[in-house]
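Can you build the whole structure from these sequences, using the hints too?
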Amino acid sequence: MELILAIGIGILAGSGVWLVLRPRTYQVIIGLSLISYGVNLFIFVMGRVRIGMPPILKPGTVGDPAGFADPMPQALVLTAIVIGFAMTALYLVVLLAARGLTGTDHVDGREE
Amino acid sequence: MSPLAHLAAIPVLLPLAVGAFLLLFSEKRRGAKAALSVTTLTILLGVAIALVAMTLVPTAEGDPPVIVYPLGNWPAPFGIVLVVDRLSALMLLLNAVLGFGCLIFALARWHKMGPRFHTLYLMQVAGLNGAFLTGDLFNLFVFFEVLLAASYALLLHGSGTVRVRASLHYIPINLVASSLFLVGVALIYGVSGTLNMADLARVIPTLEPHDRMLLEGGAAVLGLAFLVKAGMWPLGFWLPTTYSAACAPVAALFAIMSKLGIYTVLRLSLLFFGEESGASAGFGAEWLLYGGLATIAFGGIGALASQSMPRLAGYCVIISSGTLLAAIGTGNSAVISGALFYLVSSTLAAAAFFLLIELIERGRDAGADVLAVTMEVFGDPEEDIEDEDAEVGIAIPGTIAVLGGAFLACTVLFAGLPPLSGFIAKFAILSAVINEAGGVSAVHWLYVFLLMLSGLAVLVAMTRTGIRALWAPQESEIPPVRAAELAPVLLFLFLCAGLTVFGGPVMEYMDVTAQVLYWPQEYARDVLGGQPAPATLPGGTEP
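Protein chains in written order, with full-length UniProt numbering: chain S, 1 to 112; chain G, 1 to 543.
Certain hints may be false.
Have a look at the derived ranges for each label pair, beta carbon to beta carbon [as the list claims (entries may be wrong)]:
1. G:F21 / S:M1: 46 to 52 Å
2. S:G100 / G:G46: 42 to 48 Å
3. S:M1 / G:T206: 45 to 51 Å
4. G:E208 / S:T88: 48 to 54 Å
One-sided excerpt, in silico: chain G residues whose CB lies under 7 Å from chain S [claimed, not checked]:
5. A20
6. F138
7. T161
Calculated directly from the structure, the hints in this document are not laboratory data.
Ideal Cβ placement from N, Cα and C applies to all residues, glycine included.
Take a look at the structure:
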């Protein structure tokens with residue numbers, strides 16, 4: 001399970017980095033999205049991989065921490081997803097504005 | 001908790017609330033919006049002064065006080081806290097002064113150039129304040145995002161191809177930096193089981209060696225994210241382009257954004273890797289030192305090579321970042337105290353310079369700077385003859401005289417010449433480096449040398465620019481400048497002069513501030529409410 005997750009995160013982040021370094025704005029935005037998926041998964045995994053375990057106690061019970069998933073990374077990842085999504089949307093607008101103003105989709109605003 | 005402690009939450013909550021409230025108004029009611037923004041910034045200035053005053057009064061035990069504000073009233077390692085100590089209070093005050101001055105400047109003209117300026121501006125101020133106040137890493141991330149989101153929009157304020165093109169680089173760089181931030185935070189949480197800065201200062205000395213490696217890796221990744229903001233070479237190539245593209249009041253406010261990177265590096269490196277942190281003590285200090293030196297060199301060369309004034313200002317910001325990073329890297333509290341003085345002085349100088357540039361450039365053609373540099377190289381025979389005859393006896397217009405005087409003050413501040421505060425700041429750093437106990441190492445001599453040399457480079461670059469722009473202007477008109485626009489520039493410069501006059505008391509404040517930074521365990525005890533250190537490791541190593 002850990003291995004699959006690690007490989008998945010690696011592929012997402014690796015493809016993301018490659019795309020971010022490409023010259024077209026569309027590639028950059030897809031790359032940024034892939035990186036943020038990779039990072040979100042990474043945060044999630046940092047709470048340890050546990051299957052079928054709830055993150056919160058039932059009311060009135062005393063729980064053994066070993067029987068529960070860590071709720072913190074789940075809360076963090078939720079925040080990170082929201083922020084990442086908003087920033088991607090914002091970049092999309094800038095990307096369109098740049099396309100309109102410069103007439104090219106090169107990240108430098110001009111063809112080499 | 002005393003009622004006064006609630007003041008700690010105001011620098012975040014007030015601008016957020018007012019900023020959101022301003023969205024309800026139509027864009028046509030600019031007067032009302034401006035009035036509300038100015039009122040908000042004035043209140044923030046008052047609150048910041050009050051907070052600094054509160055940190056001046058020592059506690060019953062004689063320690064400098066740390067005001068801890070638990071949001072939601074949960075105790076520290078579990079709940080989220082805002083922490084005001086001397087360093088945070090200082091940064092809040094600096095931010096409030098800067099925010100106030102730049103807003104006054106913007107009211108004269110720039111706030112009409114695009115929609116929702118006031119909301120964005122207040123959000124930026126709120127994000128900066130929050131980042132200076134927060135006591136845990138994840139909220140630091142959130143406040144970074146708040147201020148970055150506002151800065152993306154503010155950079156685009158006024159629109160135009162240049163700004164959009166700069167955003168096209170600025171936004172992805174910061175998005176990638178934010179991803180690094182998250183990776184660092186996640187790694188640190190995974191190893192230590194906490195994100196509270198004070199709790200981390202307590203947990204880090206107790207870590208196992210195999211966890212320590214991961215934690216240091218996490219801290220290094222986290223540091224990268226801050227160093228991108230601070231503009232350390234080679235992470236700071238975006239900075240001059242972005243700052244020179246932004247409109248003047250925004251660029252001036254951005255001057256403190258690079259200092260935020262410095263602030264977090266200073267705070268976290270001393271909290272996590274101070275002398276009491278066991279095997280990790282001093283982690284990353286060498287990187288900061290060498291990186292800082294490279295940054296000073298890069299900034300100096302960049303300043304000499306700059307063909308336009310905004311870029312020159314950008315490189316001045318980079319030089320000051322490099323100076324501060326290298327000062328942190330020396331790991332000497334006397335150097336840090338000089339560096340804090342330098343931080344305040346250079347931020348005010350940079351802001352004044354960004355505002356001033358816009359005023360000077362109003363009367364000039366675009367591209368005049370490039371032409372000026374070309375002429376310097378190839379010469380212009382006609383000019384030499386004409387100047388001698390025609391301009392003898394012509395009085396210098398008042399506006400140009402004031403602008404020129406302000407430009408001169410900026411030059412003196414950046415180059416670190418007497419009599420202004422730039423000199424005292426550099427002198428404090430240099431004397432602390434040279435008087436170090438146990439002799440001065442070769443690298444520290446290099447630091448001294450680079451600091452001097454960068455001052456010279458800035459002096460040469462700024463004198464050249466100043467002569468071309470103000471002393472020997474070619475067919476330029478007197479720029480139409482309003483008193484309200486000149487006032488903030490003069491305010492910042494007078495504050496720098498004030499720093500010189502009251503150098504003694506200010507330096508004392510910085511000394512104590514720097515010393516407190518070297519007692520992370522005291523900070524941890526204050527924030528966590530005197531709880532004993534954990535006997536076993538929380539989180540992390542449990543099954």
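Quick one: which hint numbers does this structure break? Sort them smallest to largest. Of the numbered hints given earlier, those the structure breaks are 3, 4 and 5, listed in rising order.
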